[in-house]
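All chains, please: the whole structure from these sequences, using the hints.
Protein chains: 2
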Amino acid sequence: MSLSAEIIAVGTEILLGEITNTDAVTVAQALSELGINAYYQTVVGDNPERLRECILAAKKRADIIITTGGLGPTFDDLTKQVAAEAFGKKLVLSEEALKKIEGYFEQLGRKMTDNNARQAYLPEGCTLLENDWGTAPGCAIEDGGKILIMLPGPPRECIPMVKYRMMPYLQKLSDSQLVSHGIHIYGMGESEVESKISSFAETMENPTLAPYAKDGEVLLRVTGKAQTEKEADAITRPVIAKVEEILGDVVYGVDVPSLHAAAFEVLREKKLTLSTAESCTGGLCAKLITDIPGSSEVFFGGICAYQNEIKTRLLGIAPSLIEEHGVVSREVAEALARAACEKFGTDAGIGVTGYADPSSGDEKNPGGTVYVAVTLCGKTVSSKIYQPRGRELAKSRAAQEAFNLLRREARKL
Amino acid sequence: MSLSAEIIAVGTEILLGEITNTDAVTVAQALSELGINAYYQTVVGDNPERLRECILAAKKRADIIITTGGLGPTFDDLTKQVAAEAFGKKLVLSEEALKKIEGYFEQLGRKMTDNNARQAYLPEGCTLLENDWGTAPGCAIEDGGKILIMLPGPPRECIPMVKYRMMPYLQKLSDSQLVSHGIHIYGMGESEVESKISSFAETMENPTLAPYAKDGEVLLRVTGKAQTEKEADAITRPVIAKVEEILGDVVYGVDVPSLHAAAFEVLREKKLTLSTAESCTGGLCAKLITDIPGSSEVFFGGICAYQNEIKTRLLGIAPSLIEEHGVVSREVAEALARAACEKFGTDAGIGVTGYADPSSGDEKNPGGTVYVAVTLCGKTVSSKIYQPRGRELAKSRAAQEAFNLLRREARKL
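Here the protein sequences line up with chains A and B, keeping their order.
Following this note's numbering, the numbering of the first sequence begins with 7 at its first residue and continues without gaps.
Following this note's numbering, the numbering of the second sequence begins with 7 at its first residue and continues without gaps.
Don't read these hints as lab results, they were simulated from the structure.
Ideal placement from N, C-alpha and C gives every residue a C-beta, glycine not left out.
Check before you lean on any hint, since a few could be wrong.
Where chain A lies over chain B, by a calculated footprint (3+ residues, C-beta under 8 Å) [unchecked claim]:
1) 11 to 24
2) 31 to 39
3) 42 to 50
4) 286 to 298
5) 307 to 314
6) 396 to 407
Straight-line distance between alpha carbons at most 25 Å, and here's what the computed DMTMM-like set of lysine to aspartate or glutamate pairs gives [unchecked claim]:
7) LYS169/B x ASP138/B
8) LYS390/B x GLU315/B
9) LYS277/B x GLU315/A
10) LYS152/A x GLU59/B
11) LYS96/B x GLU130/B
12) LYS117/B x GLU198/A
13) LYS276/B x GLU315/A
14) LYS277/A x GLU315/B
15) LYS390/B x ASP297/A
16) LYS65/A x ASP52/B
17) LYS236/A x GLU211/A
18) LYS370/A x ASP297/B
19) LYS152/B x GLU130/B
20) LYS65/A x GLU59/B
21) LYS66/B x GLU59/A
22) LYS117/A x GLU198/B
23) LYS220/B x ASP297/A
24) LYS66/A x GLU39/A
25) LYS95/B x GLU59/B
26) LYS66/A x ASP52/B
27) LYS169/A x GLU398/B
28) LYS66/B x GLU39/B
29) LYS220/B x ASP52/A
30) LYS65/B x GLU55/A
Next up, the structure:
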């Protein structure tokens, strides 16, 4: 299958810069996973002539058109009308869609207004793509070998619609099934990852192996293609194992949402508890760990000790230690990690101290230098990072380093 | 001036869904401020034929084309070549641009490679748009009344290039100058803001007043147009004053980056110090305040007390208080705020307790309920929020509420 696709986002609010077109990212990633080539993305306002022009241009160039937005109940929602016309179809009432919308309002205990019923008019002969996350149904129409799929605009609806409606619909077109897994890597740059796996990856055609660099991490996407999902999944497994073997411990997880979530999982599995003592990251480590549902199983709490006096008074860091090594030092980071464990009575503690701001720093430690330490069951390890490209970036990089140390040490237990 | 513009983003990584096209938002907002209508946005890969097609289509439809991306030193950076050709120009070496690039490398103490010199080749007769934030210069070319402006893709370069190069360039085309200010509002919904200012705003033509809703806040953008910047600014001032008079204390600032930055500024001005005692927000308030450069002037530190036992042991919250009112209660939030002040010895303290996760909660307080309190110079105020649409959203909404209480109370002193 070597199909091509285009994405058209419909919405004046995108043209005005009021919202970011994140739906395009959602759809593009899905197309990419499916092995469908996308050559254009377009954004057009709630204007029927310009939308028609866009759809007709896309229909000439691509096999598949995906639209996002313009399916709602108000009069500026006109994607269905314009798309149906461009594909030579009429809009007809879908009883199935209507029932679903009525049910939605019943469940909320609200009366359905007439304009909501408008959403149940769909192009004749279309495939209904049920929307379980909002009121506006999606649909797919075909004409002369060309396919148009319409998805709702709000990301909360678009994201699941892509995953549970669009992807299965497009997979049916193909005689093969795709399965994709993400291998998450921290602590090795993209070019090093590439060079290490190149001899092995270059000869591979199925599954494919593609690297993406993002936020100080590398993601390797392994995509297998086969007759069934099970077979497709099966051929990715030896590749994942091989990559893990080659790269070793820099692989922090497969199909995991983040480094801190991976660290959290190891702690939860081993029934280990965690606390934090942060200076320059100012609560970021605590914030990240508490973003995870169920974090209270593992996380007891943290102290953000921004001033030296607080480090001493609340965490018992000796003023002489600060004086001898400087407050931004490996020694103080390690003392903070140990103090967290003691103060909170946890198995693990994270300690962070540094100069997050690029304009701060001293002779020994320029702005962007952060020391990170982890104490686990009495043993303390530490690390230094340097990220002078901005305050928030340095904080975020330091938190990643802390969670990576924590994950690595906890795995050894 | 009623010009029209189109935005073309060049980059295969956007088509693959690897990065979000945030440059389009930056450019679109700027065009919107300038009163230039944008009818289309396009994304195209690093492919000369398709890029040429996009530029030619845009040239037919619009007066102004803005491209982002594809100006770098590598061979897949081809925006300049293709755009120059589409506008009937040759690329010639710009000595000015070359000097600038050489200077950039000299400053870094690195040797400039030959491919970097490629970036100094610009379309003949173009206006150089100097890039002080990276190596690839931007430029503007004109042909038959049509204008094409090329900007670098990395947001760290694109954002300042839009503000300091593109906007002044486009303003020169106009015989009038625009000045825009943002009035930031928290604690009142968009529709209420609109209805309150409608009688006053509807008759207005210059300046214009446009509302935007975002992340629980409303932004009112006031844009004045006049012969000079000074005059344009002057006519916005009475409008800002009038809006502040009508809306009162829900206006938290004009041209300020965020609610927590506004709260921080009031504290800094009045030389007040701050600490935090957070439960469900898990360090988010501390994280936000420490994102602000210079935060150590105001912020002493915080305790994230995730477990009840920690609330008692580290912050002295009486177990009887927790038992009587429940840990998620106004009383415990207020006790936390007071405890922060005492523990850290600060003038102000933030206390937060709640059920951030939608799936958590009890009979009295469903998931998404958070109590927020602020103690300032001995006086404690508190507030309750309900945001059941997600863990991170509830945390973020609670932090906003805390900083708003803090700002409001500190202003009274």
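Now for the hints, and whether the structure bears them out:
Coverage of the stretch 11 to 24 of chain B by chain A holds [criterion: at least 3 residues with CB-CB distance below 8 Å; count 5]. Counting residues of the stretch 31 to 39 of chain B whose CB falls under 8 Å from any CB of chain A gives 8; the rule of at least 3 is met. Chain A is given as covering the stretch 42 to 50 of chain B, and this holds because 7 residues of the stretch bring a CB closer than 8 Å to a CB of that chain, at least three being needed. Figure legend: the stretch 286 to 298 of chain B, annotated as covered by chain A; annotation consistent (11 residues with Cβ-Cβ distances under 8 Å, at least 3 required).
Only when three residues or more bring their CB closer than 8 Å to a CB of chain A does the claim for the stretch 307 to 314 of chain B stand; here the count is 7, and the claim holds. Counting residues of the stretch 396 to 407 of chain B whose beta carbon lies closer than 8 Å to any beta carbon of chain A gives 3, which reaches the threshold of three, so the coverage claim holds. Under the criterion of a C-alpha separation no larger than 25 Å, the hint pairing LYS169/B with ASP138/B is consistent with the structure, at around 12 Å. With a CA separation close to 23 Å, the supplied pair LYS390/B and GLU315/B stays within the 25 Å bound.
Distance restraint check for LYS277/B and GLU315/A: the Cα-Cα separation of roughly 18 Å lies within the 25 Å cut-off, and the hinted pair is therefore satisfied. At most 25 Å may separate the alpha-carbon atoms for a hinted pair to count; LYS152/A and GLU59/B meet this at roughly 22 Å. Proposed proximity of LYS96/B and GLU130/B is supported: the alpha carbons are some 6 Å apart, at most 25 Å. With a CA separation close to 23 Å, the supplied pair LYS117/B and GLU198/A stays within the 25 Å bound.
Of the supplied pair hints, the one linking LYS276/B and GLU315/A holds, its CA atoms being roughly 22 Å apart against a limit of 25 Å. Taken as a hint, the LYS277/A and GLU315/B pair is honoured in the structure, with Cα atoms around 18 Å apart against an allowance of 25 Å. Between LYS390/B and ASP297/A the alpha-carbon distance is near 20 Å, which keeps this suggested pair within the 25 Å criterion. Our distance criterion of 25 Å between C-alpha atoms is met by LYS65/A and ASP52/B, whose separation comes to about 21 Å.
Under the criterion of a C-alpha separation no larger than 25 Å, the hint pairing LYS236/A with GLU211/A is consistent with the structure, at around 18 Å. The straight-line distance between the Cα atoms of LYS370/A and ASP297/B is roughly 23 Å, inside the 25 Å bound, and the hint therefore holds. Between the alpha carbons of LYS152/B and GLU130/B the distance comes to roughly 16 Å, so the proposed pair stays at or under 25 Å and holds. A C-alpha spacing of about 16 Å is found between LYS65/A and GLU59/B, which places the hinted pair at or below 25 Å, so the restraint holds.
Annotation: proposed proximity of LYS66/B to GLU59/A holds, straight-line Cα distance about 14 Å (limit 25 Å). Simply put, LYS117/A and GLU198/B have alpha-carbon atoms about 23 Å apart, close enough for the 25 Å limit, and the pair holds. Using a Cα cut-off of 25 Å, the hinted pair LYS220/B and ASP297/A holds, with the two alpha carbons roughly 21 Å apart. Taking the CA atoms of LYS66/A and GLU39/A, the gap is about 24 Å. The hint holds against a cut of 25 Å.
Restraint check for LYS95/B and GLU59/B: satisfied, since their Cα atoms lie roughly 17 Å apart, inside the 25 Å limit. Taken as a hint, the LYS66/A and ASP52/B pair is honoured in the structure, with Cα atoms around 21 Å apart against an allowance of 25 Å. Taking the CA atoms of LYS169/A and GLU398/B, the gap is near 22 Å; set against the 25 Å cutoff, the hint holds. Our distance criterion of 25 Å between C-alpha atoms is met by LYS66/B and GLU39/B, whose separation comes to about 24 Å.
Of the pairs offered as hints, the one joining LYS220/B and ASP52/A holds, with about 21 Å between alpha carbons and a cut-off of 25 Å not exceeded. In summary, the hint linking LYS65/B to GLU55/A is supported, as the alpha carbons are separated by about 18 Å, within the 25 Å threshold.
Checked against the numbered hints given earlier, this structure breaks none of them.
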